[in-house]
Structure formats: C-alpha cells, structure tokens
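Chain by chain, the residues run as shown.
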Amino acid sequence: MSATLNRIGLPRDAYKGAATTLCAGCGHNSITNHLVKAMYELGIEPNLLAKMSGIGCSSKTPAYFVDQAHGFNGVHGRMPALTTGAQIANRKLIVVGISGDGDSMSIGLGQFLHLIRRNVDCTYIIEDNGTYGLTKGQFSATADVGSVQKRGSVNTYQPIDPCALALTLGCSFVARSFSGDGKQLVPLVKAAIAHRGTAMLDVISPCVTFNDHDGSTKSYSWVKDHDEQIQDVSFIPYFEEIHVDYEPGTTFEVEMHDGSHLLLKKLGQEHDPSDRLGSLRLIEEARERNHLLTGLLYVNEAMEDFATHERLPEVPLRDLGEEDLRVSQRDFEQLMSELA
Amino acid sequence: MTPGSLVNDLTFQAATVNGSGSQSANLVLTRAIFSMGIPVAPKNVFPSNIEGLPTWYQLRICPRGYQARTGDPDVLVALNPQTWTSDLQNVKAGGAVIHEEAYSTAGVRDDVSYFPVPFSKLAKTRIQNDALRKQLTNMIYVGVVAGLLQIPFDAIEHGIKRTFQSKPKAWQSNVDAATVGYEYWREHFEDRKIKHVLQPMTGVTDGLVLIEGNQAAALGCVMGGCTVAAWYPITPSSSLCENLIAYADRFRVDSKTGERKIAIVQAEDELAAVGMAIGAGWTGARAMTSTSGPGISLMAEFSGLAYYAEVPVVIFDIQRIGPSTGLPTRTSQADLGFVYTLSHGDTKHLVLLPGTVEECFEFAQQAFDLADRFQTPVFVLSDLDLGMNLWMTKPFQYPEAPFDRGKVLTASDLERLEGEWGRYRDVDGDAVTYRTLPGTQHPAAGYFTRGSGHDADARYTESADAYARNMDRLARKFETARRAMPEPILSRSREGSPVGVIAYGTTHHAVVEARDALDERGLAVDYLRVRALPLPASTSSFVEDHERVYVVEQNRDGQMYDQLRLQLPAELAGRLRSIRHYDGQPIPAEAITRPLLELEAVPV
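Just so you know, the protein sequences line up as chains A and B, in that order.
Taking the numbering used here, the leading residue of the first sequence gets 1, the next gets one more, and so forth.
Taking the numbering used here, the leading residue of the second sequence gets 1, the next gets one more, and so forth.
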C-alpha cells in the first residue's frame, strides 16, 4: 500500500528525523510527533525549514524531525540570536526554534526577551518540564513554589511564566499547551508556523525521569488533573476551504496573514485572544485556582515582523552579489574625493 | 619669516573640556593645515565621559609626514582651568602658549611665550548666537592659532566647510567666530613672532585623503558585501557600525522601494551580536560584528562554536586598554593572545592585523573572503588609535575581484553529485570542506550543524576516533589558511643589518620614524611588519637572517613576542628581544629608539 502523500507530494515519513535518544516516555518525544504531524499536514517544504535550538534535552529534539531540513544546535541559551541572524539573512526560511525552560528562562532569558521585542518571524517552542534533565534534575526557573524535587527538596522561589512574560513584551502570538494533547497542540503549531512574527508556545512536557512524581506540578498526572482549556482550537490552512458552522458568540475566528484561519471555540469563560490584558488576567486567575491554563492566549496578526520592519527585500540577503552590494565606481570616486 | 624659525615642524596641543565642542575646532585646524599640503597626524586623547572632563587634541605636523605620536607640545592652547598648571609644564622650552587671559602665569615658566586671550569675554561680546556660544568659543582659538602660525584665513574657511560638510548653515557662524580670534591676533600679537611657522608645501601629501580607521573598515564592509551586521555599542568600536549605517543609508537603500540590502541590528549584548552574525553566516550571508575588549570576552563561547561547527563570521576588535573595563578611551594591542585562541578547548582563529587605514579598508573586505573560504571566524584586530583618529592615506582602490564565497554546493551541484556529499568530508585534500546553505532546494541539501561532537557527515557522535580525526582536520585547515593570510611586509635597510625589528598594527608608524632616527645614529635596522596570525613561514626566515630581532608592540606581556617564540625553534627564539609600550597612549618613536640604542650599546 502506498503511503498517503501531502499536498506537496511527500509522505509523513519525510517529516521524521533521526531516532530519539531521549528517555522513553519523555514529553519532548510527543511534541516531536505533533510537530511531524503538523508539518506534514501543512505540507512544509523541508528544504525551507531551519530548525534551531540551544542546549539541553529540549534542544536535542530538532534532530528528531524533518531530517531533510537544515538544523543548528547552538550554544546554551543563545538560540534566539542564531535564529534572528538566520531569519534576516534569508526571509524565505521557515524558522522553528526549540528551547527548554532552562535554555530560555535562565541562561537565555535576555535573548528570549529581545527576540520577542523584535518580533522575529519564527516559531518558538519551549519544552517546559520545570527541571534540568540533562544535568540530572535541578530545579529550573519555571518550577512552581512548593514544587517538590525528586530527592525531596522544595522549590521556594517564584516561577517565571514564559507566557506572562511574552505577553508583557507584546509578543504577537502566545499559547500554552501540553505535550500529551496533540488535539490542541497540532493546530497551535500550524497556526504558529502560519503566523508572521514571533509565535511563542510554552508546552508543558513532563520529564519522566526527574520530574514526574507526586509533588511536582509538571508531571503527567498533575497536568491531566489541572489542565483548563480556554478553547477548542482548530486551524484551517489557506489551501483548504472553510466549511464550519458554529453558533454565533461561541467561537472566535482569527484570519492569519497568509489566509489561514484559526477557529477558537469557547470552552470555559469568554476570552478574546486580541485582549492582551485579559490574557494576563486569565493566567493569573488560573494560577490562583491552581489550574494550568492552555490554549491560544493572544494573537496579533497586524504587528510587523522584524525583517519587514527593517525593510529587507524578499530576495534573501545572502543571494545578493557584487552588483547589488558594492558602491559603484563613480560613487566610490565621489566618496574618495569627499575625504580630501 | 624670521630667520631660524622652524617650518612645518611642530606639535600642537589643545587642552579643553570634553563636551564643549572643541573637537570640531581641532578638526577645522587639521583640515586647514592639511589643505596647505602639510602632513598632519592628529591624536585625540579623550576621557570616558560625556561632558566636563579634560580632553586633549594633539596635532603633529612634520615635513616628513610621520604619523606616530610625539611627546610634548610646542604650541599649546589652554582652555581648561583644571589642567592648566600641568598643561603648561609640558610645553617644550621656547614654545608658545595661548591661554585664557584669566589664568595666572606669574612665576611659573619664563621659557615660553604667553599669548593671553580673553576667550570668555570675546565669546560674550562678539558671538551673537546664544545657543552655540560654547561651541563657537573654540573657533575663536582657531583664529588666533591661524594668525600665530600664519595659516592663510582661506585655509581656515576651507577647514570649516570640510568639517561641516553636511551642515552648510553652520559655515558662516563658524567663520565669524574664527574671524574674531584672527582679528584679536592681528590687534594684539601681529608683530610677535614665534619659533614655529607653517608654509604651504608640496610633495608629501599630494593626492592624499584623511580618514579614520573605523570609517575605512566600514567602507570595506560595504565593498566586501556585508549584508548582516550586529553590534552592541562600545568605545572605541561603535563608530565602525555607525559609519556602516551611514554608508548603508546612502548606498544600500533602493530609492524606489525603500528596501535595504543590509540588516544592521543593535543587539542586546555582545553575546547576541556575535550570535546573530553567526546565524546569518550559517545561512550564507556575509555577516560581521564589531566590538572591543569586554565584548570580545563575551564572544568567547560563540567563537568556539563557529570555529568547531565551521561557520563563517567576521569579528572586528577595536582594541582598547584592559584588563576588565581598563581605560576605555585609550589604545592597546593587548587582545592579540586572547583573540588568537578565543574560546575553551583547542581553538585557533585567523586574525588580521591592519596597520594603516588602507589596510582597515582592504582587510575588512578580505576578512569576508577568508571567512567564506575557510568557514571560520576571522578577527580583524584594529585599535583605538587606528580606528578613531584621522590618518593620511592614498585614496583606496576600487575592488575588482569578485567575492570569494568559498565551497558552497548549490542544488545543481548536488544534482551532479547525485546527493552524495558530507558536510565535513575532506574531498579536496586541503581540509576545507563543502557546505550547503539552508533553503537549498535538493533533498540531500540539509545537514545538522552542532557544537557537539560530529562526524564527517555532520552526525552526532561521541566516537573518540571521529573526534580526533575532525580536530586533526581542523588543524590542517588552519595550515591551509596560513598560506592564504596577508604576507608580512619586509623593509630592508640599505646595506642590510644584523638587527631586525618585527612589529604589527599601529606600532608600524612609530617603527618607521624610529628606523630613520636610528639610521641617523648609525644603527640601520631591517623591518618586518607582520599582518596576520597564524604567522607565515617567512617570519622564521626573517629571524634566521638576523642576529637580534626586536619585537615591538603595545602590550605589557609581549604577546606577539610569545607567539614568535612558540613558533620558532629554540636557537632562533633566543634571538628575539621584546620592546613593549603599554600606557594607553599610542607608542611614540622614542619608545623604540631609546631601548634599542641602549640594548645595541650605541653610545648616546
């Protein structure tokens, strides 16, 4: 039986990567699978994909999807800088950065903030497990107060919430999800890729080895018990027709800049994803209820991405040659005469 | 002209308060004198401060056109009460001192001529422009100096127009202020002659232009095809990227669409700056960053990544005095050793060592070619003296050669190879491997770049063999690159000498002058100017050809001396001597002649 091909004629396997070397049951592997599904269904051109990462368990994962694409596993906490440089050098690339809570909320916090501030066009996924897995289980900066480490010590420091932080910085796309919820994560990833600007997804992704025990607030069971979905998320790409009918007042429809649509069907309380302040309030209220709020928190399709703001041409900068880049002989002589 | 006066041979110094606008006045004088065909060598000694601290501008004028710094001034303009006493002490005997009338000269020195001028009073009564009074006060001394040194007033007018090239509205008010000073000189000092005089001349500066090294390097980046520049402000490097922005605004913007053919990003710190440049270099753009010592320290980690993962990037280091914050506005050559092996592990970098503004322009372009050719960071080690002072130079040559983009496989190359390639396979035997750029439309184009262990096909590995093999190849690649670096420039004395001098960077200008002075004392020396690391084989032959070789540099520890000793066999290393200057002021010739005469036992 021949494999089903996507709209650019590729089988799902074309979106797979090397075999994972992470622990069996690691949330990151589920995220990898969801990424494969999302990219396959979107029909992403593998050669246009640039997979970027820093250091840590999360940052290994770009090796595990879309083998055909270029990938760059850089240095700890510095994925945003590499991503910014890569994206402005070639605007045609689809840049997907994978980071972790240590990589982005501690050593790389500064770069994370400034990438968002510039609205660099990329998908930025934080595989958030509240712990340093690769160095064997120290707390990370997203660990909640009172969260218990495997060996029993209790975190007493305030957590940094990537979503709240991104919202205050005016990030143009902010979502939270769970590695075990492909139904929610796959459409969010698709929307993040379709979004032009920084799309930040904080994906709670349990560490089975160091942070999946009782007392952890990043364990499978805790997330399952406390997950509060804002909406039922569906994504209709620009190349598919929309034929949904929903009762007025139940669903937010967001048109993305490429013509794709996000449909957000209200599950709990009313939330307008263009209301930044409302998103922050929602996060804070959920925290007070001891709930993990997931879904699309905020989206702003009108904000200019960095390359557009910098007035960069559509043709990749790296394709420009001597003719485009050197000052003409006449202008050069003029410059020299101005120095006399 | 009074008999016995010194023509076109003096050191002028203006002692002012920074933030007062004296820089423009000093540039006007420099431009005016240069327009008379007289060689100029300005050195700006400024504080790390915005306003209110002492600053000095030293302008060396000498008929031979030496560009190194000299010591004490012959002519002083003193406008800073804080430093007045010490400034006065430094003037050479027989010198001229133009000073604010209010400063006391009683009983201090009687071996200099005083020219008291009521600058504040003149500014209040004669300058009508309230907003610019402070700045224009400095132009008054330009007028007085013009009178005293016999600079034709039309040369001053030229200097004003040239300095305020982009602000024609400022011309008249500046001319008026200079006229106030000129008239004051005529009324009070016209019949008082001094030892020094300037006269128009020809032959030395014909066809030359004036430019700062950072501006020259920025132009080199434009001509070298730089399309991504990421930087973080730091003295003395900032003016490189600021000049690049100015050139980009003028030459890289499409007049119809407004599109910019370059991205210049002010990053959040030097970590991000070099990271962006590396990200862009990986994608195939010609990318650079520019910084100084503290920024270089922050770039250490990323430099190791670019070396090991083999990503092209150009890094300018406009050196200032360290360690730590050091003296941010003083010059140095003390980053050499650190930069050469920047990052942990076995790391080695290609380092270009421009000694002139022309080389700032040339090497900036060459750096991009070398980075692409060898897929590695290329450092350009300039310094504050070169980067931030004006230097005389021949106009630059328009580059004819196309960019060397190195070994990049395109989709059609991959088609031809039937997709059979490996990112780190040494197929040509020169240890330089092929790369593809992200976005290349071929199923075999992609590969995974990483700073962790990798094999010849860029796959992750912790294999001992694969690691060692890769490191050996990187070492061989370095040897390939060694042969492509700019050769040293050899300058022999007329009859050859058993004594040699090795120098690099701005130390060059002091060596040029010192060699003439030594020659006059009967000690001719040969000279090798090194222009890059790694050192080429010809460096060893130079040492072989000489009994004693003095390595002159501007750092405390003799960092180039160390590099030479590492490279040379023991019997040759023993021939090396180290001469070092490291007070943050550009090295004067005297700092070379004095120790050399002493060590060579030439009777003084």
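Treat the hints with care, since some could be wrong.
To be verified - Straight-line alpha carbon distances no greater than 30 angstroms define the calculated DSS-like cross-link-like pairs of lysine-lysine that follow:
hint : chain 1 : residue 1 : chain 2 : residue 2
1    : A       : LYS266    : A       : LYS92
2    : A       : LYS16     : B       : LYS407
3    : B       : LYS407    : A       : LYS92
4    : A       : LYS92     : A       : LYS37
5    : B       : LYS394    : A       : LYS92
6    : B       : LYS167    : B       : LYS92
7    : B       : LYS477    : B       : LYS167
8    : B       : LYS394    : B       : LYS261
9    : B       : LYS348    : B       : LYS394
10   : B       : LYS167    : B       : LYS256
11   : B       : LYS193    : B       : LYS92
12   : A       : LYS92     : B       : LYS167
Unchecked claim - The calculated label-pair distances, taken between Cβ atoms and stated as ranges, are:
hint : chain 1 : residue 1 : chain 2 : residue 2 : range
13   : B       : ALA468    : A       : ASP225    : 47 to 53 angstroms
14   : A       : HIS309    : B       : LEU53     : 35 to 41 angstroms
15   : B       : LEU53     : A       : ASP272    : 38 to 44 angstroms
Unchecked claim - Sample of chain A residues at the chain B side, in silico, Cβ under 10 angstroms:
hint : residue
16   : SER30
17   : VAL154
18   : LYS183
Keep in mind that the hints were calculated from the coordinates and are not lab data.
Every residue, glycine too, gets a C-beta built ideally from N, C-alpha and C.
*asked:* Does SER30 of chain A hold up as a contact with chain B if the rule is Cβ-Cβ below 10 angstroms?
replied: Constraint on SER30 of chain A not satisfied, violated at 22 angstroms.
*How about LYS183 of chain A: closest beta carbon in chain B under 10 angstroms, or not?*
30 angstroms, violated
*For the pair supplied as a hint, LYS167 of chain B and LYS92 of chain B, confirm whether the alpha-carbon distance does not exceed 30 angstroms.*
Distance ~37 angstroms between LYS167 of chain B and LYS92 of chain B Cα, so the pair is violated.
_For a C-alpha distance cap of 30 angstroms, please report whether LYS92 of chain A and LYS167 of chain B respect it._
41 angstroms, violated
_47 to 53 angstroms was suggested as the range; check whether the CB atoms of ALA468 of chain B and ASP225 of chain A agree with it._
For ALA468 of chain B and ASP225 of chain A the Cβ distance comes to about 51 angstroms; the hint holds.
*asked:* Checking one constraint from the list: CA of LYS266 of chain A to CA of LYS92 of chain A, max 30 angstroms. Satisfied?
replied: 35 angstroms, violated
_Given pair status - LYS92 of chain A, LYS394 of chain B, alpha carbons within 30 angstroms_ = 42 angstroms, violated
*Does 38 to 44 angstroms hold as the CB distance between LEU53 of chain B and ASP272 of chain A, or does it fail?*
Once the Cβ atoms are compared, 55 angstroms apart, the range 38 to 44 angstroms for ASP272 of chain A and LEU53 of chain B is violated.
*When you check the alpha-carbon spacing of LYS407 of chain B and LYS92 of chain A, does it fall within 30 angstroms?*
22 angstroms, holds
*Given the hint that LYS348 of chain B pairs with LYS394 of chain B, does the C-alpha gap stay at or below 30 angstroms?*
34 angstroms, violated
*Is LYS193 of chain B within 30 angstroms of LYS92 of chain B, Cα to Cα?*
17 angstroms, holds
*Hold the hint about VAL154 of chain A up to the distance rule: shortest CB distance to chain B must be less than 10 angstroms.*
33 angstroms, violated
Of the hints listed earlier, those the structure fails to meet are numbers 1, 5, 6, 7, 9, 12, 15, 16, 17 and 18, in rising order.
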